[in-house]
Each structure stands twice: as structure tokens, then as C-alpha cells.
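S.K.: Here is how the chains run, residue by residue.
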Amino acid sequence: MIIRRTDLPLDRDAHARFLPWLIAFMVFLAVLALAGVLVVNRAVERWDTGISGTLTVQVMPSQKTGDGAAARQRVLDDIMDVLNSTPGVITSAAMSEARILELLRPWLGDLASDADLPIPQLIDVTIDPDAGVDVSALGRRLAIAAPGATVDDHRIWLDRLVRLLRTVEMVALAIVGVIGLVTIGTVIFTTRTGLAIHGEAIQVLHLIGAHDAYVARQFAGRALLLGLKGGLIGFIFAAPTLMAIGYFGERMQLEAMPVDGLGLVQMALLAALPLIVAAIAMITARVTVLRTLARMP
Amino acid sequence: MRGAIRGFCRQRGLFNPVMSEKNGDFVVRFENVGLRYGLGPEVLQDIYFDLRPGSFHFLTGASGAGKSSLMKLMYLAMRPTRGSISLFGRDIAATSRRDLPALRRRVGVVFQEFRLLNHLSTFDNVALPLRIAGAREQELRKHVEELLTWVGLENHLKARPPTLSGGQQQRVAIARAVIARPRLLLADEPTGNVDDRMAYRLMHLFEELNRLGTTVVIATHNQQLVERLGHPVLHLDTGRLHTPSRNADAAEEPVATDDGPPLPYDPEVLNYL
Ligand SMILES: Nc1ncnc2c1ncn2[C@@H]1O[C@H](COP(=O)(O)OP(=O)(O)OP(=O)(O)O)[C@@H](O)[C@H]1O
Ligand SMILES: [Mg+2]
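These protein sequence lines are chains A and B, in that order. For the record, in the first sequence the residue sitting at position 66 is 188 according to the working numbering, with numbers rising by one throughout. For the record, in the second sequence the residue sitting at position 258 is 243 according to the working numbering, with numbers rising by one throughout.
Chain A on its own, in the form it takes in the complex (with noise of 0.2 Å):
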């Protein structure tokens, strides 16, 4: 083993065998609630960037300007006019129609091009973000240069989604705190059992000439010990459970609103936890056996 020899029968402690089932399902917990903030964050990330300085004009088919080419050409021309005198607005571009019936298809199947549906034209439309483009007025202007165009501006709704994404990242990463707490704690309460047991045997070692570094040596050995069968166990167990949570997630995942999952540096995190977890056992024993002496004499 690596740990060597020690003085103290720290191995036969029975109160500190639940230490590692606890430190297994504290892992379990954390490794889930973790991997939930990384995702949540990574995507909503991701949905910022892409989404903010961006607007859509949409055109719905109206009766007044009838159904040719040629009409949805003149429409879409007003509409560039407006677009294209806005001051802020950087691009514009009309979507094509495969496009648009592509994104349609999620919820309508191929019945958006098969049936003689009518399509709403999309324009997809860049503006600066810093410029402060009024984007009621805009929505004004356009009403009256083609009837029936409307400004979806993404940023209201997507406001409202990332606050509550942001929201539920912050209690999961409350979870993942008190999860931390709970484990130094019940190490605390471990070690100090480990301390009353062992009072005798520390006292002599301490009589000996032991430094107390020595003694904490011994605990914090144990700790580290529990604390990566205890990680390990607790990975083992979330692993699967992740990747099954994955598994359904990525079938569920809406084209809109693209989910990317765990990169790398995010998985490496993970399979981190339970060495941190480990760590947190092991620096917590020592400290606890630290003070203790201190108070001898």
C-alpha cells in the first residue's frame, strides 16, 4: 500500500467504515449536481453569443399583398429599405425558403412543404449591440412599410430563460457546497472519534518526542485513504447515471436551442472530484488532529 506503517490502529476503527459510503454518495451527488452547472452554463454561454445582436424580421403572407414572387419581392425590398437606413444595423439577409421549411420541420414534418402551406418570409438581421437600436420602433417602421412584418428581438425571451438557467445553476452549485460541508463535517466528527479512541497512544507518541505533524501524519494518510475509495465508488456510481441522463437529453434536445454537453475540460473536472473530494478529507484531518494538540502541553 502507500500508506505505510502507522502507530495507530487507524484501520480498525470500526466508527470510520461508513466514512467512505458516505464520501462515496456525497461524490454521487456532487458529480451530478457538477455536471448540471456545466451544462447549464456551457449552453446558456453558448445561446448569449449567438443570440445577442441578433433580431428576426418575420413576414407573415398577407392578403393585401397577395401571394407571387413578385409581391414577396417588393415586400422584402420595403422591408430591406427600412432595415438598411436603421442606423446599428450591421447585416440583413433573407432566409431562403428550404431554409425556413429545414427549420419548420421540428414541428410541422414534411407537411411544411408538401402541403401548399403559406411560409412567413424570415429575414435574419445583425445589429450592434451597443448601438441601442429602438427595437419597438423599428417594429413600427417595418409594420408600416410592409403589413404584417414584425420584430422578433430574441433577447426578451431569452433574457427571462437565462436568468431562471442561471438561477437553477446557482442552487446547483449551492448543492455542490453543502455537499462540501457535509463532508468536512462528518471527516471532523470522524477524526475527532478517531482522537478520544487513540487519546492514550497519541499521548505516549506525544511523550515520546512526537511533533504532532506526525500523528496528523497518520489521520490524514487514513482520510486520503477513505476519501478516494470513498470518490471512486461514488464515480463509479455517477458515470452511468450521467451518460444515461445524456443519452436522453441529446433525444430531447431542440435544434433551436442546441445543448452542447461536456467537453473535455468539463468531464476532467468531474473525474477530479472525487481526488478533491479525497484531498478535502485527507488537509481536514490533519487540521482537525492539529488543533487537537495544540492544546497539549
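Just to be clear, a hint being listed does not mean it is correct.
From the structure, some residues in chain A lie toward chain B, with a derived Cβ separation under 7 Å [as the list claims (entries may be wrong)]:
id: 1; residue: P131
id: 2; residue: G321
id: 3; residue: A323
id: 4; residue: L329
id: 5; residue: I330
id: 6; residue: A332
id: 7; residue: H333
id: 8; residue: A335
id: 9; residue: L415
Label-pair distances were calculated between CB atoms; the ranges are [as the list claims (entries may be wrong)]:
id: 10; chain 1: A; residue 1: I405; chain 2: B; residue 2: G151; range: 38 to 44 Å
id: 11; chain 1: A; residue 1: T128; chain 2: B; residue 2: R126; range: 14 to 20 Å
id: 12; chain 1: B; residue 1: G137; chain 2: A; residue 2: A393; range: 56 to 62 Å
id: 13; chain 1: A; residue 1: H333; chain 2: B; residue 2: P26; range: 30 to 36 Å
id: 14; chain 1: A; residue 1: H333; chain 2: B; residue 2: R196; range: 30 to 36 Å
For the record, the hints were derived by calculation from the structure and aren't laboratory data. Quick reminder that beta carbons are idealized off the backbone N, C-alpha and C, glycines included.
With chain A held as given, fit chain B with the ligands onto it using these hints.
M.R.: Just chain B with the ligands, lined up with the frame of chain A:
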């Protein structure tokens, strides 16, 4: 036998004569020391004494007189409630806690209740002080086995203390106290559980260590032993230390009688120590 252990010690380099301390330097110095447990009465009062390097003392006194308490102060298990204690020329009160382990390693202690670690083998118990001091395993193995052979426990290296007799445990405790070449050896009732023959054998061990420079203090009830060996006596009477007597003859005469007032401390008397 004396030759044997001296040879053993020299050969292993265990004991260097420790007479290097300058004259006037003391291994132990107590000045006006008092001790109480919690809020209880003072169990030690107005203790003054010095121990010269290489001296050998018996510490006597009735049960409850405070012998173990005095020992505890010397091996730094407790701080005095008043007065000052110096060990190897260092004032304990002025020594930082970080430096105390180094001082403790120079003191070998045979505890009255042995205080062996029951989960460790005889070998590991005796090896403990060397391991704590950072000795390497190859180095300490030979030392420990030879010392345990010398105290007659060569067949019990792997035995755990609870499986040993009282006398055997006592010898393990003594071996643990002397293995790391202490400069001060404190033995609290070290021959209480052995027959007379073994008692004298162990006393000879202490005398050999003393001859090689270790300062020795032995607390004992065994008046016969004190008289036979004739070392100066520190006598405790209900918490007060009485002037030591030079030899067995003097020890036979009571230094203080129970009805008389305790003799005052006289530094001159202590100087011959
Ligand atoms: N831990 C303690 N708490 C409170 N009082 C104590 C403690 N240890 C010793 N005493 C008291 O201190 C006094 C001296 O005890 P000590 O053990 O030093 O005596 P002793 O001379 O070693 O006795 P013995 O020969 O029986 O070993 C006694 O009155 C005892 O009751
Ligand atoms: Mg005693």
C-alpha cells in the same frame, strides 16, 4: 554482565558519554516549583533541586507523596502551576512548543503504568522512539533486537503487550525508554513487577547507562534497593522535597520526621550532587 551491556552500548554507538555539559549546567533545575491538578490542592510545593549531568538519584516517598507528579513535570507531560523548570539548560516556559519534542527525545521515560501500545508488537513498541526520531528501518532493527535480547525478551519480539506478563511488559517499557540513548532517564517504579533478581539486573542496566553518561532518576518504594545501591535520595513528603542524602547509610536516617517541620531548602547541600 556490566561489561556485556557496556560493550553492547559502545558497539552500537548507543551511548556516548554525555559529560560535555559545562560545570554549572544542569540536566534538570527546579526553582520554587508548585503543581496543582485543576482547582485541587498543591500536590507539589516549593520544589527546588538541580540534577548534575551523570548523577544517579532515587526518588522516594509514601504513596501519594507526588513522585509521579514530579516525574511528569520532568518529562514535560505537564507545566508547573508556578515556579520555573529548566531542562538541559533551557527554561521550559520560554521554550516554544515546536522545540519541546526535541527535548522530549532526550528524555527516556519508564512510566509507572508502562503505557505500552497494545496493538503494537514488542519490537514495534521498542522501535517507536527511533522511528519517531526518523531512524531508518535497516538501522533500527539490529539495535532493537539486541536490546530486547539483553532484557531477555528475544523470544517475544512479535508478542503484543497484553500477552506478556507484568514483568515482561516492564522490561519492554524499560527497553523503549533507553533505546534512543536518552541523556536523562526517568523511571517510575521500574522494578515493581519483577522479582528481586530481575530488579537488580535492571538496576544494573540503569547503572551502566549512568556510567556511560546518562543522568538517572528512579522513583521507588523499594527501600532495600535504595539502601543496597547507595545512590543519593530525593525524598518527597506530601508534596515537599527534602534534602537528598548522600548514601545508603544516610538514607537510613529519616531526613525529616513526620512530626517535625520540613527542612528548609539549602542550596549548599545540593551542590555536591
Ligand atoms: N491526574 C490527577 N488529577 C488529580 N489529582 C492527581 C492526579 N494525579 C495525581 N494526583 C494527586 O496528586 C498527588 C500525588 O500523586 P502522585 O501520583 O504523584 O503520587 P506518587 O508519589 O507517585 O504515588 P505512588 O507511589 O502511589 O505512585 C496525590 O494526592 C494524587 O491524588
Ligand atoms: Mg506514582
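S.K.: Hint by hint, note whether the structure agrees.
M.R.: Going through the hints against the structure:
no., hint, result
1, P131, "4 Å, holds"
2, G321, "12 Å, violated"
3, A323, "5 Å, holds"
4, L329, "6 Å, holds"
5, I330, "5 Å, holds"
6, A332, "5 Å, holds"
7, H333, "5 Å, holds"
8, A335, "10 Å, violated"
9, L415, "10 Å, violated"
10, I405/A x G151/B: 38 to 44 Å, "43 Å, holds"
11, T128/A x R126/B: 14 to 20 Å, "18 Å, holds"
12, G137/B x A393/A: 56 to 62 Å, "57 Å, holds"
13, H333/A x P26/B: 30 to 36 Å, "35 Å, holds"
14, H333/A x R196/B: 30 to 36 Å, "32 Å, holds"
Hints 2, 8 and 9 from the list above are not met by this structure, while the remaining hints are.
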